[in-house]
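Peer 1: Residue numbers (this note's numbering), protein chains in the order written: chain A, 1 to 193; chain B, 1 to 298.
Keep in mind the hints are simulated off the structure, nothing from the lab. Some hints here could point you the wrong way.
[Stated by the list, open to error] The following residues of chain B were derived to be distant from chain A, with all beta-carbon distances above 10 Å:
#1 N66
#2 I71
#3 N125
#4 A137
#5 K187
#6 G230
#7 P256
[Said to hold, decoys possible] Quick list of simulated restraints, FRET-style, between CB atoms:
#8 A:I19 to B:D111: 35 to 43 Å
#9 B:E30 to A:L80: 29 to 37 Å
#10 A:I39 to B:D279: 45 to 53 Å
Model, not experiment: these values are computed from the prediction. In this text, a Cβ means the ideal position worked out from N, Cα and C, and glycines have one as well.
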Amino acid sequence: MTVEMLGARIMAPYFGGSISVWGSLITVFMLALSVGYLIGGRLSTRNPNPKTFALFFIGAAISSIPIILFADAIMRPIFLAIEDPRYGSLLASIFLYFIPTSILGMISPYSVRLMVDSHEHSGHMAGLLFFVSTIGSAGGTLATSFYFVLWFDVNQILWGAVAVLLLAGSVILLINYLLQKRAADAQASRYEK
Amino acid sequence: MKNKLRLLLSLCGLMAVTQTLIAAEVIHEEKSLYRDINVVQTGNRRCLIFNVHRGDRNQTCLNVNNRDELIFSYTKMSFAGLLLTPQPKKILIAGLGGGTLPLAFNDLFPDAQIDVVEVDQAVVNVAKEFFFFEENANMSVAVNDARVFVKRAGILGEKYDYIILDAFGGDYIPEHLLTREFLEEVKQIMTEDAVLVANTFSTSRFYDHESVTYQRVFGEFFNFKLPASGNRMIITQLDPLPPRGNLITQAQSLAPSLEKYGVPLLEYPARLSTRVDWDMSRRVLTDQYAPANLLQNN
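All chains, full assembly: derive it from the sequences and hints.
Peer 2: Take a look at the structure:
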């Protein structure tokens with residue numbers, strides 16, 4: 001949501017601040033999320049593991065970096081080629097935000113699979129995940145639009161979001177590594193007995 | 001006693017009736033994607049109002065019996081740019097409102113080409129229907145965002161010699177029209193002798209930020225305020241500003257032609273100031289940093 005709130009700001013210099021720019025942005029985010037949910041769900045059926053899960057966070061972080069570094073290079077040719085800012089902003093949104101957003105969309109269904117150990121608990125876990133992710137979206141929206149834009153440059157906020165995603169991915173990898181190590185140690189000690 | 005009460009009551013009733021007769025009458029309401037537009041008529045005076053429920057100020061008013069007369073001081077103040085560029089040939093006006101300003105310019109300079117940019121189609125419709133605004137061979141409206149329009153004009157190499165920025169109506173400030181990058185793009189479409197007239201904010205912290213931003217892009221500018229009006233106009237050009245003597249001479253030669261619009265041009269030169277009365281330590285607004293809507297409330 002942080003990226004979405006900033007998305008309009010990033011596109012305004014080329015496509016204006018009209019309502020259609022918001023329309024493009026929200027459309028592309030929704031489409032990207034839905035594709036992400038689908039792929040994330042599909043991936044979760046094949047050997048679900050925390051490593052893949054962590055890669056989603058890292059992948060989203062890396063695919064967000066072009067928004068910071070190449071936004072102008074991406075929007076300029078689109079602005080020159082398409083005169084109508086509605087379609088211009090739609091195309092620009094696709095190029096800038098589709099990939100990172102769809103990767104972020106993979107996280108939810110995949111984490112349902114990782115957290116659920118029985119059919120009985122699946123609804124409970126899914127509810128909890130939706131709760132956490134939607135609360136997070138609300139927090140990101142509020143913090144960005146009320147405070148971050150007052151305190152930081154747009155790009156600084158985006159780098160912050162990239163750092164948080166990388167950190168989350170790394171923490172998952174680290175925890176996974178520690179758990180595996182402990183399990184291996186426990187197994188080894190069992191064999192010793 | 002009863003009679004007195006009845007008299008009092010009927011008096012109250014009468015007052016209520018006359019009140020409604022004098023009071024404003026809403027003659028048209030239009031909802032657009034951006035705002036509620038109301039056309040309100042009080043006697044001869046017809047006004048365009050945005051977001052009436054919030055008690056926002058009138059955008060444009062018109063005297064239906066004397067359409068030439070401009071009513072708001074900020075509309076009149078937009079003519080102060082003539083002191084720097086007395087004979088504009090290509091005029092850009094960002095923000096249509098009721099269209100009285102472009103109509104007056106078209107009337108005054110019938111041979112000049114006037115481009116108006118307005119983001120809201122509904123405003124264009126209302127201006128045409130209720131404020132006698134018409135496009136003609138020399139004056140046309142583009143329904144577009146001003147930033148997009150200016151950027152494209154810059155790429156196409158189009159130049160204007162009189163640019164009026166008046167795109168701030170209602171309660172949401174278009175942040176992308178206040179940044180250093182936008183002003184750089186405006187600079188690109190100015191001819192060498194062009195003047196820029198920007199209707200800007202005169203209150204809050206925002207005054208400082210905006211002043212600092214204009215100064216960064218244009219250097220010294222004329223700060224134009226009238227005591228009776230809450231508006232502040234920034235008037236500037238690419239070349240260094242002319243001495244006050246030149247402004248007075250221009251005002252004297254132009255004032256007669258502006259009389260019918262009610263523009264007191266002779267009073268203006270004394271009000272154009274280059275004195276820095278803002279906090280120069282404020283941050284320049286850029287595309288990266290433009291929390292205008294948040295700053296306004298501070």
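Peer 1: Starting from the hint list further up, note which numbers the structure goes against and sort them upward.
Peer 2: none
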